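Please work from the sequences and hints to get the whole structure.
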Amino acid sequence: MTAASGSPLLEVRSLSVRYGKVEAVHNVSLRADEGSIVTVIGPNGAGKTTLLGAVMGLLPAQGEVSYRGESLFGLSVEDRVARGLVLVPEKRELFASMSVADNLALGAFARRREGEAATKRALDEVYHRFPRLLERRAQLAGTLSGGERQMLALGRALMGRPKLLMLDEPSLGLAPLVVREIFSIVVALREAGVSILLVEQNARAALQVSDDGYVLETGELVLSGRSSDLAANPKVAATYLGQGAAG
Amino acid sequence: MDFSIAALLAQDGITNGAVYALLALSLVLVFAVTRVIWVPSGEFVAFSTLTLAGLQLGKASGIAGLLVAMAVVAGLLEVLSAFRQREWKRLPLRLAAWTGAPLAIAGVLKWAAPLAPPFVVQILLTLVAVTALGPLSYRIVYQPIAEASVLVLLIVSVALHFAMLGLGLWYFGAEGSRTPPFTSATFDWGGVLVSGQSLLVVATSVALIFVLALFFNRTLYGRALRATAVNRVGARLAGISPAFAGMLTFTLAALVCAFCGVLIGPITTVYYDSGFLVSLKGFVGAIIGGLSSYPLAAAGSLLVGLLESFSSFWASAFKEVIVFTLIIPVLLWRSLTSQHHDDDE
Amino acid sequence: MRLTWSAAAVVVFLALVAGAPMFAPPFWVTLGNYIGLYSIAALGLVLLTGVAGQTSFGQAAFVGLGAYASAWLTTSYGSSPWVALAAGLAFTALVALALGFITLRMRGHYLPLATIAWGISLYFLFGNLEFLGGHTGMTGIPAIAIGGLELKSERSIWYLIWGTTLASLWATNNLLDSRPGRAIRSLRGGYEMAEAFGVDGARLKIVVFIYAALLAAVSGWLYVHLQRFVNPTPFSIIAGIEYLFMAVVGGAGSVWGAVVGAALITVLKQVLQDVLPQLLGRTGNFEMVVFGVLLIVLLQRARDGVWPWIERLLPKAPPAPVRDAAPLAPRDRGAASGPLLEVNAARKTFGGLVAVNDLSFRIEAGEIVGLIGPNGAGKSTTFALISGALALTSGDIRFRGASIGSRPPHEIARRGIGRTFQHVKLIPAMSVLDNVALGAYLRGRAGVGRAALRLDRQEEASTRAEAARQIARCGLDAHTFDAAGSLALGQQRIVEIARALASDPTLLLLDEPAAGLRYLEKRSLATLLRTLKGEGMTILLVEHDMDFVMGLADRLVVMDFGEKLAEGLPAEIQRNPAVREAYLGGV
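Protein chains in written order, with numbering that gives the first Met the number 0: chain A, 0 to 246; chain B, 0 to 344; chain C, 0 to 586.
Source of the hints: derived by calculation from the structure; they are not laboratory data.
From a predicted model like this one, the values you see are computed outputs, not experimental measurements.
Do not take every clue at face value.
In silico BS3-like cross-links for lysine-lysine, where the CA-CA straight-line distance does not exceed 30 angstroms [what the hints assert, rightly or not]:
1. C:563 <-> A:90
2. C:315 <-> A:20
3. A:162 <-> A:90
4. B:88 <-> A:162
5. B:109 <-> B:58
6. A:119 <-> A:90
7. C:268 <-> C:151
8. A:20 <-> C:521
9. A:234 <-> C:521
10. C:521 <-> A:90
11. C:563 <-> C:521
Shown next, in the form of structure tokens:
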């Protein structure tokens, strides 16, 4: 399960999300293949976070979301997590007054029936991937720095052994070195068989690591294609890569 | 007042305070996890005493009737929700849990009651039966509106309190009950007479608090409840369902209240409507803890117990006034020490 | 709630109220009197709990204060009920002020808890004080007399009770449709926003609490002179809970919810008490069970209460038109010398995170300054420090020479800073006009009393005209009367700008105004901002969209990791390699 096998893991068809009378996401369709990294880029306020919220089941939406060929209609957030669909939200949503170790342990809550040995293995893997978390395991999550919080959020998500990991702005507020580290982990996760749906404002980085990309603007998809093509698209370059602005 | 009276009052205060502390803990727990201000907690306490008193007389019809009624309603709700979601696969299991299990408990009670089992078994039966009411009331009343505002949840709590009061009168009758003391031993500690009964109540409370602390700090489920209290969205994203957390919380809280009922049974005569005032005192303790700090809530409850027992000596007519106005200076102190802030919900 | 349907519905309602005592059987007249009394107390809770979001269990205790004050003064001192009313109101206001001061300044659920405690203590106090008659109560309370006419019968006091009820409804409805009313309506869900426009939220909550307590005291006064007898029972915590029931079940979002709730609960209890024993063939507390179950089911079905159902059946009224009116006076600008805004080594930490790290920059009057940087660089935190939404960890911020660092937002607003929010903060159910008019809060003076008595109409007309002018200026005149929540996100951002403009600010703080806007919308926004600059406005713009800000700002401050990375003209910034690296990203 290392290379892209081409079968759709996640398929979103004509998804719309309304807040009251306001439509935040309109008629969006996208797919993420198994073993691939798919990115959704777009300016702030385009509806990227809303899109992920709808796929995760946090927000009521219209349209169809199917995951491994099965419709997710009517499934709660927890049911989706149990099926291997895991979101790392923009706000990280850590358990601030609990220790790093507790946060990680709770990441495996949906897998509690697989036994302690499986949890232990997952934990070892996470600590191996993020040695910093091992150092800080007794510290309260609320006292971590921004980069460490993001690592903990990723680690907690990985404890749930996701098939599809959805990352909302993982580079947000992080130093370049940390961003680099996070993105290299994202690539490494794909190698480990985890498919990734990546929402990013750092369009250049996102298009570099991803296989396919979608451009979302005021709630609608305006462009999609191979990430390399999108990066070369002059319109994308001007609007999202800042080349228009930067001359 | 001489020393021996003061010691007696203190002993009374600490004993009652220990019970209030348990109540305060369950109120804090329920509020932290589900945002429900659990007004009917007092009914759980009273029903527990009344159930135990009933078992003493070889009767269990009151609590059994309540369980059957709630089991039927919960079962109907499950069928309804299965029908709505067109999801029939899980229904048998859910019916077994929500209807079968409470019916079985009711059956066991009805069967065991006339056999006059030993006191310890009666206590166990009482704990099981009253605890079962916790998740049932969550399933029927709170789960359908788990996302509603604190105000609506509160009003629903009060409505449930009324309904349970009425049901209490129906199932347990209007007469009060008292259960026999666990022990009649007394100890002489340097001139102070300490009753074994008081020691047992305090020891049970402390042990229960200790077990709960272990549960919250060491077990995955305990940590899951804490996580839900800290960050609801984060908990959902980790796969902890709010309905599950709510059910577990109400089970624990009902168990704690059932213990309270067993503990106060020998101390006071309990009527179907005695619970409210008892739980309000637990409330005062919980408020002193800001509805969030367990140790402060326990300390506050102890203070309430002491204040109550000493004021009943000095100014018994104003006992309740003194206990409940205690909140005002506590709130004033909190108000002056904490930053005032945003109230958005 | 305006003339057309109130003309229809209210006329029917008034006819009922006026005719009932003449035709209805005595039983229903009595019930009607109680419904009126309960409506008045529940109305206070609609305002306090439903609109302002502050739950109180103490309403019955305030009813008790009004009742006992009058009972004691009229029987022990032989004073007239009218004098006793005034004294009771004054005393109630004092108690409410003290209680409100203690509990309303705090976040969380202290008010409901404190009012439970206070409700219980007061009940026991009534029952234990000798001079108030203890648990047996007081008798021989005189009837109210109006010009020699003694209101001794149920039928004669009916008109006083319902007259008072209608007057309270009228006054409260007026209040909600006014300067303080808009502020009250934004306390729940828009507290931070209201503070940013000069509303002193903590103070306003106390005012609302007192208003609700006074309504309760009036209800208690009427009650005691209707009954001519008083004991502690009707003022217990259970009664306090029932008032809350009435407000929530009736629909705590509207003044009519109080009447509907009071009627529903009163009649329901009466009917259950009469009917159930007949139905079940024995007496008991069944009415409590059925009552409890009905309420649970009702709230599970309709969390907003019954009134919204009824309202849906009534024809919708057209909004009141905006009349021409004298313009509101411009805000005092004062003499300016030196930089308008100075940020000196501002620092903000959250736990282990340093969000803003000793940042310094200044803004001269008449400039558009852009504060840019990647997401998470600390722009929004800086913005919150300037607007007072967050307190500084260290450093200082000066506006027109005076320090504003760590001052509460409403004080900063008072000095002439208007702002928008990154995550739009409008009151969705209020019209665009009312939302924008809230921005002009500091330009008006009408208080609760003047608003309730409709003495504020001239100022109100000016405020509405000003709001409409700002809406038109921002190109949203077609949506003036739409609910703000029904607009597209981009339009809601523009409403935010109109609201900030209505405050006539010296410095306009805009937090990502272009986010979520379409291309054309961005262009018209840029045009608007340039016009404002032309009129002498100073603007600080936090923006993520480079294109937008490059063409607009005179000067840019670039942040990264909480620090100032660069500062200069847009062209210089564009050439700065460090900025390009940080802002444009890269792996």
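Outcome of the hint check:
1. C:563 <-> A:90: At roughly 24 angstroms apart (the allowed maximum being 30 angstroms), residue 90 of chain A and residue 563 of chain C satisfy the hint.
2. C:315 <-> A:20: holds (19 angstroms)
3. A:162 <-> A:90: holds (22 angstroms)
4. B:88 <-> A:162: holds (25 angstroms)
5. B:109 <-> B:58: holds (7 angstroms)
6. A:119 <-> A:90: holds (27 angstroms)
7. C:268 <-> C:151: Holds, at about 26 angstroms.
8. A:20 <-> C:521: holds (22 angstroms)
9. A:234 <-> C:521: Answer holds: residue 234 of chain A to residue 521 of chain C is near 17 angstroms, not above 30 angstroms.
10. C:521 <-> A:90: holds (27 angstroms)
11. C:563 <-> C:521: Holds: residue 563 of chain C and residue 521 of chain C sit about 27 angstroms apart, inside 30 angstroms.
The structure shown violates none of the earlier numbered hints.
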